[in-house]
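Hey, can you piece these two chains together into the complex? The hints should help.
So you can see what is in the structure, the chains are spelled out below.
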Amino acid sequence: MARVGVFICHCGENIARTVDCARVAEYAATLPGVAHAVDYRYMCSDPGQRLIETAIREHGLTGVVVASCSPHMHEVTFRRTVARAGLNPFLCEMANIREQCSWVHEDREAATAKACELVRLMVEKVKWNTALEPIHVPVTRKALVIGGGIAGIQAALDIANGGREVILVEKGPSIGGHMAQLSETFPTLDCSQCIMTPRMVEVKNHPNITLYTYAEVEKVDGYIGNFAVTIRKKARCVDEALCTGCGECQSKCPQGKLKTSVIPNEFDLGLSRRPAIYVPFPQAVPNVPVIDKEHCRYFQDGKCGVCQKVCPAKAVDFTQTDQVVTEQVGAIVVATGYDVMSSGEYGEYGGGRYPDVIDGLQFERLLSASGPTGGEVKRPSDGKVPETVVFIACAGSRDRSHGVPYCSKICCMYTAKHAMLYKHKVHHGQAYVFYMDIRAGGKNYDEFVRRAIEEEGAVYLRGRVSRLYQKDGQLIVKGADTLSGQPVEIAADLVVLATAIQARPGSDALAQMLKVPYDGYGFLSEAHPKLRPVETNSAGVYLAGACQAPKDIPETVAQASAAASKVLGLFSMEQMEREPTVSVVNERTCIGCFDCERVCPFGAIEHREIRDRRGNLLKVVSHVNEGVCAGCGACATTCRSGSIELRGYTDEQVFAQIAAVGV
Amino acid sequence: MKLGSVAREKTRSGFLAEVRRRSGTNPADCYQCGKCTAGCPLTFAGDLDPARVMRLVQLGQRDAVLQSRTIWLCASCETCTTRCPQEVDLASVMDALRIMAREAGLTQAAREVAIANAGLLGSVKSRGRVHEMMLVLQQNLRTLHLFRDAEKGPVLMLKGKMDPLGHKRGARDQVRRLFENVARMEAAERAASTTPRCACSDEGGEA
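Keeping their order, the protein sequence lines are chains L and G.
Following this note's numbering, the numbering of the first sequence begins with 1 at its first residue and continues without gaps.
Following this note's numbering, the numbering of the second sequence begins with 664 at its first residue and continues without gaps.
Please note that the accuracy of each hint is not assured.
Derived DEER-like restraints, expressed as beta-carbon distance ranges [said to hold, decoys possible]:
(1) G:G702 - L:G442: 25 to 33 Å
(2) L:K478 - G:L783: 42 to 50 Å
(3) L:K425 - G:G697: 33 to 41 Å
(4) L:H428 - G:A846: 29 to 37 Å
(5) G:R792 - L:S466: 53 to 61 Å
(6) L:K425 - G:C696: 26 to 34 Å
(7) L:G603 - G:C696: 52 to 60 Å
(8) L:G347 - G:N780: 53 to 61 Å
(9) G:A846 - L:S466: 47 to 55 Å
(10) G:A846 - L:R451: 55 to 63 Å
If you're looking for bench data, these hints aren't it; they were derived computationally from the structure.
Beta carbons: idealized from backbone N, C-alpha and C, even for Gly.
Bound-form chain G, shown alone (with noise of 0.2 Å):
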């Protein structure tokens, strides 16, 4: 790991300030006592624990990070970020890595969780709900593992929980407002990124 040249020194406040900006939370704010990892319900699949990733992300290691399975596999259940006696957001970094990895175009770590998460997206997107045959469907072609999960359809047919038809089409127009904003927003931060700023300044622009 080399640290220090000018050069590499960009990268490291850049991603570690790219990600304060994006996460709403400070990530220098970690003292590595690992609690997170301790209460991880994940920590046994991943590649990196999340006390880990946090110092990676402190050492600005963009690739190392983004690479990563943990962030993928990441559930989201908050644990970490209800127990950091730092108050950091581990779950909202968590989520903010997934973004810029899928804007960099590295899933490869954790290909299927990413088409799933495509899948999700693009099935609320189209429906104004989630189809939950058609992800399922779609996912295992994707994937080209046809019949996995296959046994427990009639169950969650027979239990109403997937429906063949799909189940009642969802508010369409107000979900699709909702993509539309998250679009522009996503273009104004695009536009952010790109014109350098100082990572402590623009926490007031991130509402």
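Pulled out of the complex, with its shape left as it was, chain L reads as follows (with noise of 0.2 Å):
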């Protein structure tokens, strides 16, 4: 006979307020296997909770209901007061009176009425209820980060000095990511390429640290603590391990004598040209060429193999193919980062057609002193050092036209330290920066936009430029100011657009392929926007940087931590401990179907075979992957023999409450 005991909540006067909360104990206190009911003023109070401990010992209760707030609140706390006084946490349930009654009803009797018939199914379904004990996953401590850029740079040695092995995947040649093309960094001017190959560096050497570069993730099965990842390492065709980074083979390339040279330099946005066997950038980390087969003479007719015959270490492989490897990681750290939008996307700006108008990445790569220039301040068109700069932001950020609402965050600062920097460069030169609003929130950050334009004496224009068109070389741009309210014409040598920041192309793949839940603009997701940052909602992934939004290094560099953090947290235990509320299929009944195979989001249902005794495949029935299975309910939903059953919600317990229903 079950003894069920049933607690009720004021939650001060959130429930009290509209709800008789002393008429429902003495109602709960008549139904059928209730032994013993009662409210109090806050019963997730320590008193409260001692107030539960007490009845189940003195009552001996097999069953407990609290009539308070959603579960989402305090489940967690009523389990565990439940478990310390002996009993099993998932004997324990909550009738939600506070946001499903109280908050939403004015009429005191009926919501009364409404919270007695809450609890009444509640007692239901609990007399149902069974012992669970909670599911052990093994966690194989180990990580992979998707990204060599500063996100996944610093979560990875983040992860590795806290004592734990990890995979850093990059996708290009190199890792450094964007970080590595900038020139100084807002607010300091610190040199980006100073302050970031170190940490390039400190990965390549750091013994807990597996780097692939030229890499790609393919495929990713398993759950938390146990993902298994398939991993391809496109041919570089230079063998790493013999290369000594002379450098001999790309100064000999033919196709890379600079006048003759078609090949655009990917690392310096097209604004210099490269040879087809190439290192990125000098400080490449790992500083190992590798061969663009698409513009490289041997790959596409045969012919040439100069640098196979100049290298001196032999290292030059024609024959390499793609190697595709498996591992085995407890938590995956996803850092893909961010991609400009094309300048060429604007048609009143150009669109692209004009070889003075450069997007924000660009200018960079003209401050850089590693940069086409050298470092010099001159336009790609005719090498002319600009005299007036325009430079545009918001182009392309909060314009719902061109497909992009959000802020992209990081232009405002960006764009003053352009004005700033080339005011540096080019003493008698002047900077225009047409904007919208300035939002410089961070640490030194308005401080640093006042500068630009108190001290270095850019002229800041509120309003958006409508469009520009080139007329003896220069480029007239029409916009306006709307604080005097007077439309502006400047006659400029050169516009930088900051153009928006949005997610890689791509994106979207990799998150379906991690079940990370994405935005429409292709940015991941989070699992809770203020208090889950950098977890998604696939447990066992994390984020860092700007795949889940635009973000600045600081903030990236932040978030990377934090993932680290979480990371280092969930290999910290051998094993890990799951709620065990998943669902459970009856091998015997199963008639092998596996629609729930195809309505699981998770990937949860596998096969499994039943044989007899002799090895003779009887049926594939399906079965759960408790480690996956987040306990959605979907397979038992869809189950058309009836044979899956979600522990916590059995149908015997839906359908007491069912029963319980007006009666």
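Structural data, given as structure tokens:
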């Protein structure tokens, strides 16, 4: 015979204002199977919890119903309370009489009646509850970090320094990401490469880090603590072990002759050319060249092979093929970063036809000492030093017509930095900045922007540029200054567009592979915007950097370290405990239609072969991987033979509740 | 408004730099919050509000600023200066702009104010102290409003605020030396503004 205890919470005035809690307790006491019912002001408080513990011991309760707030708030609290009194925690249920009753009703009588009903339903359910034990899942204490920009580097180093192994996978031939392309960083004007390259070298030399560059994650199987990751290492055609990084091959590559090369240098965003065998930039890690097969003469028409001949280490190997490796990891950090919108997207700003209309990243390369102009600001068309430069902020951002209604967050700051650095390099030059608002929230950020205006003489014009066109070797920029209410026309030598920050193409495919939700712009979604900013709804997958939303370097680094700490927290246990409210398959009745497999959003359904004693295959049935199952119940409702049950929400429990409605 | 050609460019930074040098405050510091305008008791009468004057100075719109009525209507009450969150001394910018407007002969917008200013200074210079009666008569003659405010004369005389013979003469010698000093400084100023200087290096020389 069930002996259920019912505990009605007033939640201060939150519930008691609309629900007569004492009456609900009186009513509950009359229900069959209820051995004890009481109301209290704050059930979640220490005395409230002690009340429950004492009642369990004194009345020998076999089930507990707490009628209070949403289980999202306090289910964990009360299940722990129940466990302290020696009862299985899954024999405790919550009836939500706050969010689903007192908060949404005004009529006290009706609300009290509804609260009574909710309590009765839960009492009926809890009579069918059974003791459940947590599931233990082993944890592979090795992490995968996808993306070798500053986010991935920081996360990898933090995890590695925490004593765990890390695999860092980078798509490009070198790690470093966008930060390696930048000139100086706001608001301190630290040289980006100077602070970046030591970290890159540390990654390379760290005993706990395995670095895969020029590699991509192809497939992710498994679940938190137990992922199996398939990684494709693309053929570099240069043996990493033999190559000494002497650079002989790229200097001799016939495709690399400055005047004849047609291959745009990706690292300089097309502002320079490169050979077909190349190291993307001098400080690249690893300092091993890669052959661009699309442009290599040997691969295109079988002739040439000069690099192989000149290589003193005999490292060039045209026969190299892609290698596919599988790694077991326990956690994944996604740090795939961002791209900037192409400046060609804007027809009114030349649509990419004017060589002297460039984007912010290209201007970074013009400012950088390792850039195509050696750090001198020269415009792409004729190499002239621009005397008037117009910067256009929000070029693409906050522009619904271009599909980007969001603020790209970093442009205000880097545009102020660009105006400042330009002035440092071209003293007699004049920088104009067209802006809509200046968003400079951050330590020393607004001061930085004011410095560009007040001390470095950048003229800020509040308004959007309507269009620009070429005339007599200059660009005529037509805008307005809404502060003085006047149209403005500027004859500029160079125009820099602060184009929108966008998710990397293919981030949606990656998100699908990792089963991580993403928004309409391709940015990956965190589990909770405030309280779980680095976790995802896919357990064991964490986010770092601009793959989640536009971010500057300090924020990216902070998030990467946060993700690393989450990974290290997970790795602090040899086994991981999971809630036992998962699906189970009745293998006897399962007909093997695998409809459940099709509806499972988590890929938790596996195939299991049933064989007789002689090993003859009888049938193939579904099996739920308890480590992966999130307990959503989609399979249980889909199963046509009624063979799947969600623990804690069994048919008996649910039918008991339904049967109790309106009694 | 055209900005950016090299010739315009020099005008722009030149004008901003000159206002900065003469006023001892940096108009580029203004971030257009509008607090000065909100507190200015004379906004209703001027053609540009104070924030707009600052904006046009930032953009090097010399003619628009120097020809505006606002700079002459400014009563130098310094409410703007007191309240400016960026600590821009707007009243002293207005002073500098009036001086520059007078030097450039651009006083048409507020001819009467300019005449009053000149009359006042002339009176002080010749007597060491203002001769109120004379000042008012001169003003009315020069502006061809012969009897303007005439009815207030007797009251002011009865209260001892105006004396047909003029108040006791001031320390004429000291005042004369003041005027000489100013003339010398202005000459130095003119010499300075003909030689191009960097806007940021000349603050020290101001004192």
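Please name the hints from earlier in the document that this structure breaks, with their numbers sorted from lowest to highest. 10
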